[in-house]
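Novice: Each chain, written out:
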Amino acid sequence: MVRINQNTLHRTTKHTTRALAAIFRIIFLIAFSYILLYPVIFMIANAIKTRPDVMNPAVKWISHSPSFYSFKLAFRGMQYPKALRNTLIFSILSGLIQVFTCAFYSYGISRFKMKINGLLTFFLILIILVPDIVLIMPRITNFRHMDFFGILGLISKLTGRELRPNLTDTLWCFYLPSIFGVGLKSGILMYIYIQFFKGLPVELEEAAWLDGAGPFKTFFSIIIPSSGVVILTVTIFSVVWHWNDWLLPTMYTTNNFTLSSQLYNAETVISIWARNHNITINTTLSYGVELCACILFIIPPLAMYLLMQRKFIQSIDRVGIVG
Amino acid sequence: MKKRPQGIEVIKRRYGYMFVIPWIVGIIIFVIVPLINSVIYGLSDTNMTPQGLETHFIGFENYYKLFAQSADYTNLMAESFSSLFTSLPIIVALSMMLALILNQKFAGRTFARAIFFLPVIIGSSVVMTKLSSFSMQQGIMETSGMAASQTSSYMNVINFSELIAKLNLPENIGKLITDWLSNTFNLIWSCGIQILLFVAGLQTIPEQLYEVGRVEGISKWEEFWFVTVPMLGRVILLVIFYTIVELFVEKSALVSKATSLLLQQDYSTSSAMLWPYFIFTEIIIAIIVIVYKKLLLNRWE
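So the sequence lines, in the order shown, correspond to chains R and L.
Be aware that the first sequence starts at 23, since it is given in my numbering, and climbs by one per residue.
Be aware that the second sequence starts at 16, since it is given in my numbering, and climbs by one per residue.
By construction, these hints were calculated from the structure, which means they are not laboratory data.
A quick note: this is a predicted structure, and the numbers were derived from the prediction, not measured.
Among the hints, erroneous ones may be present.
[Claimed, not checked] The calculated BS3-like cross-link candidates involving lysine-lysine, where the alpha carbons are at most 30 Å apart (straight line), are: (1) R:135 with L:308; (2) R:137 with R:220; (3) R:36 with L:308; (4) R:137 with L:120; (5) R:36 with L:235; (6) L:80 with L:272; (7) R:135 with R:239; (8) L:27 with R:220; (9) L:309 with L:235; (10) R:135 with L:80; (11) L:27 with R:135; (12) R:220 with L:120; (13) R:239 with R:104; (14) R:137 with L:308; (15) L:308 with R:220; (16) L:235 with L:120; (17) L:235 with L:308; (18) R:333 with R:220; (19) R:220 with R:239; (20) R:137 with R:239; (21) L:27 with R:137; (22) R:94 with R:104; (23) R:220 with R:135; (24) R:239 with L:27; (25) L:120 with R:333; (26) L:309 with R:220.
Given only the sequences and the hints, what does the whole structure look like? Please build it.
Specialist: Structure below.
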């Protein structure tokens, strides 16, 4: 008798705790979603405000006289089409190169027992830890006279002809580090790859090996096709980080601006453009224009994310990072 | 005599070198040589000329200037480190909590996840910097009475100072709580990748462990501390590691100062500013990693 009572008691408490947990979860999620969506809503709401709205204390969120004039100004002031093209060519392409090269090197690190494995791990930690800001200036001086271990320099000294190419302001500033697997945040990407490759069953590769496929063929025809999930995750990371990075484009190029560098200097860029086109931009308007520039900047990655969101989240479920 | 690997082992090893040698070349050219050069810049007087960067070795003068001549640098450094230590535990705890919630099965999970991974896409970019600078501008506008309507700003999603003022707390404590709360709310924006790492890590915990726990009759609380946390041990380490690196690079006052100096082409001072900070951060990371491994990971595994 007592036993049954205890059981029912137990069951009711279990039910209440579960209900409480659900309520707690809902409140928590709504609160956090509010915080996360706030900046986005804030941007949109303020971007379409006009001067009367700003002066009107009754207007907080919804504009009474919305105007898309600032969008037009921001679009033309940032030279959006040209900046977008530059971003795609410089940043995004180098991000995509990195997705592939990092997979290649990570496979080498994770699958083969070599004497230098300890050193490789050290290098990996080094590139995760060293921030770009420390490296950027020496890299630029390096690009000015690109050289590999002083070999070209030595030949130039012997022959008297300058063989070291000047790579500043070219695509190679972005592509070369990516090709060698030391580009933007490549350490983290390689880390994710290595974790994934370590979890892949070796049997498949051994079967391929016995069937006479070399390691490169194994890599291309077995490893790459079976690691779609991790490649998707890494691609999104790499592309987004490249899209958002403004330091490298500002430092490496002078005439070829990208979207991020334009946005970083939005105030100056847009005011110069306006002066050249005899358009006056007052304080309220310039504020709206900058917000519009922000919105224009996040639209492409946001669209990409919304399109791929389901796949991305599924792939996160399956990658399984073990630290 | 030591047994030497033969046959397939040797061939495989050789192929392994073929895979990684380009990477090693890249590391030497694009990381190690620049690092050495950066140390040299810090120790010299640099001058940008059309032919390239000219350096004159001047020893520790740059460092002397930074440390001895004004308190700016040491203040910036202290500020950066204190923000590192206040942010790190909050970020780790928050992202873990959110990951646990997002990992449960409930209606609307996909939607919730889509929102929570939003910071991965737009957080940590110029947009966030812009928005927080806007809220500062707004503050200035408000005090001069220009735009009374725009009291809403990114930095104060919820106006804590008003709430706290109503509680009649002593002034200092009230301010402390306000700062801490608004700081926490900003930190949610830097949790994106961390939540993602935790969610991915949670997938690797085998379901059987939870089943065993249920059979043994442990509570949810015990389940969390004795199954989830130990199994996530290495992911937590990765998150700590990543968070420190990110805070070091992006959210620190010192690095943004150094960046602005870099953009003004003052390379020597900027290198000199970064190096001591960099070394201190590495020491902190090393200490945290070693202590964590010794105290917790060894016990869990």
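Novice: A separate judgement is required for each hint: does it hold in the structure or not?
Specialist: Verification of the supplied hints:
Of the supplied pair hints, the one linking residue 135 of chain R and residue 308 of chain L holds, its CA atoms being roughly 25 Å apart against a limit of 30 Å. Simply put, residue 137 of chain R and residue 220 of chain R have alpha-carbon atoms about 18 Å apart, close enough for the 30 Å limit, and the pair holds. At most 30 Å may separate the alpha-carbon atoms for a hinted pair to count; residue 36 of chain R and residue 308 of chain L exceed this at roughly 37 Å. Taking the CA atoms of residue 137 of chain R and residue 120 of chain L, the gap is near 46 Å; set against the 30 Å cutoff, the hint is violated.
Taking the CA atoms of residue 36 of chain R and residue 235 of chain L, the gap is near 11 Å; set against the 30 Å cutoff, the hint holds. Of the pairs offered as hints, the one joining residue 80 of chain L and residue 272 of chain L holds, with about 16 Å between alpha carbons and a cut-off of 30 Å not exceeded. About 19 Å separates the Cα atoms of residue 135 of chain R and residue 239 of chain R, which keeps this hinted pair within 30 Å; it holds. Using a Cα cut-off of 30 Å, the hinted pair residue 27 of chain L and residue 220 of chain R holds, with the two alpha carbons roughly 16 Å apart.
Distance restraint check for residue 309 of chain L and residue 235 of chain L: the Cα-Cα separation of roughly 27 Å lies within the 30 Å cut-off, and the hinted pair is therefore satisfied. Our distance criterion of 30 Å between C-alpha atoms is broken by residue 135 of chain R and residue 80 of chain L, whose separation comes to about 49 Å. Between residue 27 of chain L and residue 135 of chain R, the direct Cα distance comes to roughly 8 Å. Compliance with the 30 Å bound is thereby established for this hinted pair. With a C-alpha separation of about 29 Å, the suggested pairing of residue 220 of chain R with residue 120 of chain L holds against the 30 Å cut-off.
For the hint pairing residue 239 of chain R with residue 104 of chain R, the CA-to-CA distance comes to about 40 Å; that exceeds 30 Å, so the pair is violated. Taking the CA atoms of residue 137 of chain R and residue 308 of chain L, the gap is near 25 Å; set against the 30 Å cutoff, the hint holds. A C-alpha spacing of about 21 Å is found between residue 308 of chain L and residue 220 of chain R, which places the hinted pair at or below 30 Å, so the restraint holds. Among the hinted pairs, residue 235 of chain L with residue 120 of chain L is consistent with the structure: their alpha-carbon atoms are about 16 Å apart, no more than 30 Å.
For the hint pairing residue 235 of chain L with residue 308 of chain L, the CA-to-CA distance comes to about 26 Å; that is within 30 Å, so the pair holds. Annotation: proposed proximity of residue 333 of chain R to residue 220 of chain R holds, straight-line Cα distance about 23 Å (limit 30 Å). Under the criterion of a C-alpha separation no larger than 30 Å, the hint pairing residue 220 of chain R with residue 239 of chain R is consistent with the structure, at around 19 Å. A C-alpha spacing of about 24 Å is found between residue 137 of chain R and residue 239 of chain R, which places the hinted pair at or below 30 Å, so the restraint holds.
Restraint check for residue 27 of chain L and residue 137 of chain R: satisfied, since their Cα atoms lie roughly 12 Å apart, inside the 30 Å limit. Taking the CA atoms of residue 94 of chain R and residue 104 of chain R, the gap is near 15 Å; set against the 30 Å cutoff, the hint holds. For the proposed pair residue 220 of chain R and residue 135 of chain R, the alpha carbon gap of about 12 Å is at most 30 Å, so the pair holds. Of the pairs offered as hints, the one joining residue 239 of chain R and residue 27 of chain L holds, with about 13 Å between alpha carbons and a cut-off of 30 Å not exceeded.
Taking the CA atoms of residue 120 of chain L and residue 333 of chain R, the gap is about 18 Å. The hint holds against a cut of 30 Å. Straight-line distance between C-alpha atoms of residue 309 of chain L and residue 220 of chain R comes to about 24 Å, which keeps the hinted pair within the 30 Å bound.
Taken one by one, the earlier hints fail for this structure at numbers 3, 4, 10, 13, listed in ascending order.
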